[in-house]
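What follows is each chain in one-letter form.
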Amino acid sequence: AQTVTQSQPEMSVQEAETVTLSCTYDTSENNYYLFWYKQPPSRQMILVIRQEAYKQQNATENRFSVNFQKAAKSFSLKISDSQLGDTAMYFCAFMKSINKFYFGSGTKLNVKP
Amino acid sequence: GAVVSQHPSWVICKSGTSVKIECRSLDFQATTMFWYRQFPKQSLMLMATSNEGSKATYEQGVEKDKFLINHASLTLSTLTVTSAHPEDSSFYICSAQTSDSYNEQFFGPGTRLTVL
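As given, the protein sequences belong to chains A and B, one line each in that order.
Take our numbering: the final residue in the first sequence is number 113, and no numbers are missing along the way.
Take our numbering: the final residue in the second sequence is number 1116, and no numbers are missing along the way.
Same shape as in the complex, but just chain B (with noise of 0.2 Å):
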């Protein structure tokens, strides 16, 4: 089956300091990556969505200076949490896409982001 990782699986960090995720897809090309967010006891909501070799296209109210994404390969898309703040502590899903996956994505196990 196609499977997602998400690099690291949980990172503590100062604030100020700049944090950055890893989302891979180990056995498939990923056409379309997707990065969600989800706070404690809540839904998964998707901050953005990047193409391969494309600008990410941000939802709004996502601060795209705030939260970076490249999307450099068919198996990697980052996401780069800048100057992080207490406020951004969440946990962090990638998923990915592929053109022939009947509309389905496949999630990462997800990153818990700590900022203190």
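So here's chain A without its partners, still in its complex pose (with noise of 0.2 Å):
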């Protein structure tokens, strides 16, 4: 079974500072998607950034950047200049090849203005 784990149930940042957000992940595929979507207050699920597996180099998406490490099963997100509008849930997704998403518990992050 797959199980994703998100060990910061919330978190808080001063606006224009940087934040890390930490995922694990267990698996025996070798094939599988590692996923960061964001859910604001309106609940509606906003894709923040991407990593297949087999790519070696970190996912980056403006401010967004990940750090894979997949011997470690680690997948951390980094949200450098955080804004005001960061504010949101986050959940860590991973997706096998049947194309099934587990998402973890979540971390709440607060921008501070």
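It is worth saying that the hints were derived from the structure and are not from the lab.
Values in this document were obtained by computation on a predicted structure and should not be read as measured data.
Check the hints yourself; a few may be wrong.
So the derived list for chain B, only partly shown, Cβ under 7 Å to chain A, looks like this [what the hints assert, rightly or not]:
| id | residue |
| --- | --- |
| 1 | P1040 |
| 2 | S1043 |
| 3 | A1072 |
| 4 | L1074 |
| 5 | N1103 |
| 6 | F1107 |
For lysine-lysine, the following PhoX-like pairs were computed, each having C-alpha atoms within a straight-line distance of at most 25 Å [as the list claims (entries may be wrong)]:
| id | chain 1 | residue 1 | chain 2 | residue 2 |
| --- | --- | --- | --- | --- |
| 7 | A | K96 | B | K1055 |
| 8 | A | K55 | A | K73 |
| 9 | B | K1014 | B | K1066 |
| 10 | A | K108 | B | K1041 |
| 11 | A | K78 | A | K108 |
| 12 | A | K100 | A | K70 |
| 13 | A | K73 | A | K96 |
| 14 | B | K1064 | B | K1014 |
| 15 | B | K1041 | B | K1066 |
| 16 | B | K1066 | B | K1055 |
| 17 | A | K108 | A | K73 |
| 18 | A | K100 | B | K1014 |
| 19 | A | K100 | B | K1066 |
| 20 | A | K100 | B | K1020 |
| 21 | A | K78 | A | K112 |
| 22 | A | K112 | A | K73 |
| 23 | A | K100 | B | K1041 |
| 24 | A | K78 | A | K96 |
| 25 | B | K1064 | B | K1020 |
| 26 | A | K112 | B | K1041 |
| 27 | B | K1055 | A | K100 |
| 28 | A | K70 | A | K112 |
| 29 | A | K55 | A | K108 |
| 30 | B | K1055 | B | K1014 |
| 31 | B | K1041 | A | K78 |
| 32 | A | K112 | A | K96 |
| 33 | B | K1014 | A | K96 |
| 34 | B | K1066 | B | K1020 |
| 35 | A | K100 | A | K112 |
| 36 | A | K112 | A | K55 |
Ideal Cβ positions, reconstructed from N, Cα and C, are used throughout, including at glycine.
Hints in hand, dock the two standalone chains.
Okay, here's the thing in structure tokens:
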């Protein structure tokens, strides 16, 4: 079975600073995908960033980047220059070849002005 | 971009009644749709996977007779909560996937169900 663990239920960061959200996962698969989704108060799930397991290069999307450590089964999200609009729940998700998503328990991020 | 809608966004019903939730892909054809359930302050739990024209595949512990899923077309899937009870109150989210969406799922805005 696949499990996704987010060990930080809640985090706070000052506006313009950098914050890192942690995620670990457990799988016996070799080919899979990892995602970070953002869920603001509206509850709409928004894709933040995606990483293919076969790619060694860490994915980057503007202020968002990941640190993917395949051997350690770790997939952390770094948010640089935090903005008030980044305040949301962040979910780490794992997907294997059959396209089923497994979500972590989430980290509530609060960006303070 | 790929847009998924859900209707209704919020529904209140009496215990014992059935409620239907629609999930539509507005600008693409969804070969596969997924239904999730999210309790307050908790994560999304996959309930079932549905492919157009086939029976849905339910996750372990999800009652298929309780949560009826129909995926009759490439743009519409429905979830019917039959004989709803207060414990069925939750936030239900659907997502859709195309055959060429590079393993990405596009999520609907969710439906809040409250059973009195």
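Cross-check of the supplied hints:
Restraint check, B:P1040 versus chain A: the minimum CB separation of about 11 Å is more than 7 Å; hint violated. Given hint, B:S1043 at the interface with chain A, holds; its Cβ is 5 Å from that chain's nearest Cβ, closer than 7 Å. With a least beta-carbon distance of about 20 Å to chain A, the hint placing B:A1072 at the interface is violated under the 7 Å criterion. Checking B:L1074 against chain A by beta carbon gives a least distance of about 16 Å; that is not within 7 Å, so the hint is violated.
Annotation: interface hint on B:N1103 holds; nearest CB of chain A at approximately 5 Å, less than 7 Å. Evaluation of the B:F1107 hint against chain A yields a held restraint, the C-beta minimum of about 4 Å falling below 7 Å. For a cut-off of 25 Å, the pair hint linking A:K96 to B:K1055 stands: about 21 Å separates their Cα positions. A C-alpha spacing of about 14 Å is found between A:K55 and A:K73, which places the hinted pair at or below 25 Å, so the restraint holds.
Pair hint B:K1014 plus B:K1066 holds up; C-alpha atoms about 16 Å apart against a cutoff of 25 Å. As the CA atoms of A:K108 and B:K1041 are separated by approximately 9 Å, the hinted pair is consistent with the 25 Å bound. Between A:K78 and A:K108 the CA atoms are separated by roughly 14 Å; this keeps the pair inside 25 Å, and the hint holds. Between A:K100 and A:K70, the direct Cα distance comes to roughly 20 Å. Compliance with the 25 Å bound is thereby established for this hinted pair.
With a CA separation close to 14 Å, the supplied pair A:K73 and A:K96 stays within the 25 Å bound. For the proposed pair B:K1064 and B:K1014, the alpha carbon gap of about 21 Å is at most 25 Å, so the pair holds. Note on B:K1041 and B:K1066: the hinted pairing holds, with a Cα-Cα distance of about 24 Å set against a maximum of 25 Å. A threshold of 25 Å between alpha carbons decides the hint, and for B:K1066 with B:K1055 the separation of about 15 Å falls inside it, so the pair holds.
With a C-alpha separation of about 22 Å, the suggested pair A:K108 and A:K73 falls inside the 25 Å cut-off, and the hint holds. Proximity of A:K100 to B:K1014 is assessed by CA-CA distance (about 33 Å); at most 25 Å being required, the pair is judged violated. Under the criterion of a C-alpha separation no larger than 25 Å, the hint pairing A:K100 with B:K1066 is consistent with the structure, at around 21 Å. Between A:K100 and B:K1020 the alpha-carbon distance is near 24 Å, which keeps this suggested pair within the 25 Å criterion.
Between A:K78 and A:K112 the CA atoms are separated by roughly 17 Å; this keeps the pair inside 25 Å, and the hint holds. Pair hint A:K112 plus A:K73 does not hold up; C-alpha atoms about 31 Å apart against a cutoff of 25 Å. At most 25 Å may separate the alpha-carbon atoms for a hinted pair to count; A:K100 and B:K1041 meet this at roughly 22 Å. Taken as a hint, the A:K78 and A:K96 pair is honoured in the structure, with Cα atoms around 23 Å apart against an allowance of 25 Å.
For the proposed pair B:K1064 and B:K1020, the alpha carbon gap of about 14 Å is at most 25 Å, so the pair holds. With a C-alpha separation of about 20 Å, the suggested pair A:K112 and B:K1041 falls inside the 25 Å cut-off, and the hint holds. Straight-line distance between C-alpha atoms of B:K1055 and A:K100 comes to about 16 Å, which keeps the hinted pair within the 25 Å bound. As the CA atoms of A:K70 and A:K112 are separated by approximately 32 Å, the hinted pair breaks the 25 Å bound.
Among the hinted pairs, A:K55 with A:K108 is inconsistent with the structure: their alpha-carbon atoms are about 28 Å apart, more than 25 Å. For the given pair, B:K1055 sits about 28 Å from B:K1014 by alpha-carbon distance, which is inconsistent with the 25 Å threshold. The straight-line distance between the Cα atoms of B:K1041 and A:K78 is roughly 22 Å, inside the 25 Å bound, and the hint therefore holds. For the given pair, A:K112 sits about 36 Å from A:K96 by alpha-carbon distance, which is inconsistent with the 25 Å threshold.
Of the supplied pair hints, the one linking B:K1014 and A:K96 is violated, its CA atoms being roughly 39 Å apart against a limit of 25 Å. Restraint check: the Cα-Cα separation between B:K1066 and B:K1020 comes to about 12 Å, which is no more than 25 Å; the hinted pair holds. Distance restraint check for A:K100 and A:K112: the Cα-Cα separation of roughly 35 Å exceeds the 25 Å cut-off, and the hinted pair is therefore not satisfied. Of the pairs offered as hints, the one joining A:K112 and A:K55 is violated, with about 34 Å between alpha carbons and a cut-off of 25 Å exceeded.
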